[in-house]
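As you go down the protein sequences, you meet chains A and B in turn.
FYI, the numbering for the first sequence is 1 to 402, going by my numbering.
FYI, the numbering for the second sequence is 1 to 402, going by my numbering.
Misleading hints may appear alongside valid ones.
When chains are identical, the list treats them as one kind, so a pair holds in a single copy or across two.
Simulated crosslink set (DMTMM-like; lysine to aspartate or glutamate; CA at most 20 Å straight-line) [said to hold, decoys possible]:
| no. | residue 1 | residue 2 |
| --- | --- | --- |
| 1 | LYS354 | ASP50 |
| 2 | LYS4 | ASP255 |
| 3 | LYS4 | GLU400 |
| 4 | LYS354 | GLU199 |
| 5 | LYS4 | ASP370 |
| 6 | LYS4 | ASP208 |
| 7 | LYS140 | ASP268 |
| 8 | LYS140 | GLU288 |
| 9 | LYS140 | ASP174 |
| 10 | LYS140 | ASP255 |
None of these hints come from the bench; they were simulated from the model.
Number of protein chains: 2
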Amino acid sequence: MTAKSWVPVPEGSHFPVQNLPYGVFAPPGAEPRVGVAIGEHVLDLAAALDDDVFARPSLNAFMAQGRERWQQVRAAVTALLTDEAHRAQVEPALHRIAEVRLLLPFEVADYVDFYASEHHATNIGRMFRPDSAALTPNWKHLPIGYHGRAGTVVVSDTPVVRPNGQRQPVAGEDLPGFGPSLRLDIEAEVGFVVGVGSELGTPVPVADFEQHVFGVCLVNDWSARDIQAWEYVPLGPFLGKSFATSVSPWIVPLDALAQARTAPPARDHELRPYLRDDADWGLDLAMEVRLNGHPVSRPPFASMYWTAAQQLAHMTVNGASLRTGDLYASGTVSGPEAGQRGSLMELSWGGRDKIALPDGSVRTFLEDGDEVAITATAPGADGTVIGFGSVTGRIRPAPEVR
Amino acid sequence: MTAKSWVPVPEGSHFPVQNLPYGVFAPPGAEPRVGVAIGEHVLDLAAALDDDVFARPSLNAFMAQGRERWQQVRAAVTALLTDEAHRAQVEPALHRIAEVRLLLPFEVADYVDFYASEHHATNIGRMFRPDSAALTPNWKHLPIGYHGRAGTVVVSDTPVVRPNGQRQPVAGEDLPGFGPSLRLDIEAEVGFVVGVGSELGTPVPVADFEQHVFGVCLVNDWSARDIQAWEYVPLGPFLGKSFATSVSPWIVPLDALAQARTAPPARDHELRPYLRDDADWGLDLAMEVRLNGHPVSRPPFASMYWTAAQQLAHMTVNGASLRTGDLYASGTVSGPEAGQRGSLMELSWGGRDKIALPDGSVRTFLEDGDEVAITATAPGADGTVIGFGSVTGRIRPAPEVR
């Protein structure tokens with residue numbers, strides 16, 4: 001039997017009762033608190049469950065309570081929203097999503113960005129390092145990643161200010177160029193949010209993934225390709241990325257994604273034991289990137305070479321500890337086909353090809369005023385569709401800097 | 001007249017009344033709180049100033065109050081510790097440093113590591129990239145940096161567990177090696193702690209350095225060179241660094257370093273206006289690295305090519321915001337001479353040369369049980385010496401991981 005909520009869930013909604021993603025919202029004139037999305041509503045958990053852990057402006061305290069508690073709360077919320085008997089009690093705790101402010105759902109501890117799509121890494125390698133092999137020799141032996149700036153992770157709908165920065169000197173010039181980025185780009189990614197931390201000095205095995213990771217969101221890792229290209233050798237991306245990283249307001253619990261789990265691609269090399277996974281943590285998420293409302297790409301997350309469980313094991317194999325609120329992102333999701341690429345850099349092939357939009361405009365990189373929205377859906381329980389909502393951002397002009 | 005404290009300050013102490021560095025300490029059986037070091041004592045500020053902002057386990061709340069307030073508190077503490085009239089009132093708030101626990105002095109928001117020593121970057125470039133120019137083309141145009149792991153910044157005296165990790169396949173092998181790092185190293189650095197944050201989208205000019213940066217500490221950015229060498233192309237260091245970064249327990253206020261300010265080295269290229277500095281923010285710190293008690297290097301911080309004021313301006317020129325508790329480190333401090341190199345990688349020239357210690361032992365990289373201490377002193381007011389105490393760590397064996 002298909003579980004169904006007494007709260008109306010419109011056809012095509014991202015938030016059936018099989019999903020129940022967590023977020024932080026502020027009703028008009030009230031303090032931020034934790035809620036769960038259902039159809040076009042958000043349920044105030046502090047009110048519905050009479051528990052102060054949800055009367056806070058972030059999910060962190062709840063996330064730190066661990067998997068058993070996450071499952072209890074999910075079961076309790078499911079019961080409240082499916083059994084009509086609770087309706088009179090619960091209804092006052094429902095708010096229309098359209099009438100509340102959605103806030104950053106968790107305090108970001110450390111932010112790590114991986115690089116787990118073979119198609120993306122191959123495309124970028126061809127463009128950034130045309131004289132070398134597209135994939136570096138380490139790529140299929142370990143999930144490559146780096147730390148990003150946690151302090152500039154913002155919630156969806158936060159405006160994104162075009163960054164100023166240095167770029168490669170033009171031929172014949174001694175000095176690097178400087179000014180607003182001329183190659184402002186997106187990266188369509190999936191983010192994993194750590195609930196339960198770990199001890200310094202103690203690696204977290206692949207098999208413990210579900211004990212630590214609370215849920216999944218969408219990430220747009222905005223990237224200034226001209227700034228990045230000039231700065232990134234030898235220590236990696238810095239200012240080309242650190243100006244903003246947007247996340248979706250809803251964190252989908254791992255338990256909502258049981259039907260989305262799938263085997264990752266076959267491995268080309270034998271992996272070191274700490275990276276071997278018995279459980280399939282590939283995820284069949286169908287992503288879509290829209291530029292000013294027009295779909296420009298449909299990246300398939302199931303094509304990612306490295307899984308989030310492997311990334312967690314890799315990130316901690318050196319003894320690095322995890323904290324509640326750590327966010328790690330998949331890296332740009334690009335599939336094998338041209339219409340499946342998760343960045344404009346790839347879609348325009350480094351600016352060579354114009355991306356034509358149905359309104360007659362063309363783009364290579366982003367212009368001021370452009371709006372990008374990334375969405376995703378996945379198969380859910382009872383034949384439903386689990387949605388991630390969207391991560392959206394609009395570009396504002398750069399400030400004047402000399 | 002030389003200001004002098006009624007608290008005894010032994011000859012050679014790092015903490016005369018001209019210094020007054022801040023830390024967080026816990027007396028036996030009591031909660032952590034903010035203190036100021038004076039001679040061999042720490043002054044409990046919550047007790048001495050009757051102000052709750054200091055009755056906390058971190059400096060963050062006080063640091064967020066801004067420069068005017070920092071100067072008021074410094075003046076008030078100076079008055080309390082120099083005027084005998086306050087002795088009876090203040091003495092009960094003094095604890096012997098040897099009898100308290102020193103804790104991480106601030107909650108680290110984001111951690112950025114720069115690469116600002118020309119001598120270090122040249123040495124490392126020669127070893128890591130022998131077929132290219134030692135300095136990358138961008139090096140003298142911008143302060144290169146990257147984000148590190150804030151969650152693994154630990155206070156001095158925290159044991160450092162040798163990391164496990166992958167390393168380059170040996171000749172003739174298909175698979176990378178794996179196991180405890182064979183090239184565990186130090187990086188002797190100076191850290192800058194942000195007190196006052198900034199708005200997303202608004203760059204912080206070089207001239208605002210003193211409004212944002214609260215103080216200075218010592219940093220040992222432990223590095224596993226074999227892990228780093230295999231992983232770092234193309235996205236920079238990750239697990240080779242993220243297992244631990246140690247900081248000294250005392251944060252020296254910028255105002256204690258007025259006499260240490262010095263002109264940075266002459267620039268080889270004209271700089272973009274956002275990096276031009278009128279005020280001299282080079283700092284004449286004499287550092288010393290001791291391995292198992294034996295001095296092995298004396299890096300001169302005054303030789304750094306980029307200043308902390310330039311690094312702050314660069315880090316925010318793209319609109320990235322600052323937060324209270326952001327830590328940014330200088331990068332390894334190496335002078336032009338062999339005895340001035342701030343890493344074992346350079347001192348042993350990539351493991352080629354043995355470093356002989358006076359006890360008859362030799363080292364290339366660190367062995368289990370080794371202890372490294374980094375200290376620094378600078379000229380202070382009234383002809384005194386301002387000390388930074390030390391950042392110390394001892395290596396523990398790696399756990400078993402397959």
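Hint numbers contradicted by this structure: 1, 3, 4, 5, 6, 8 and 10
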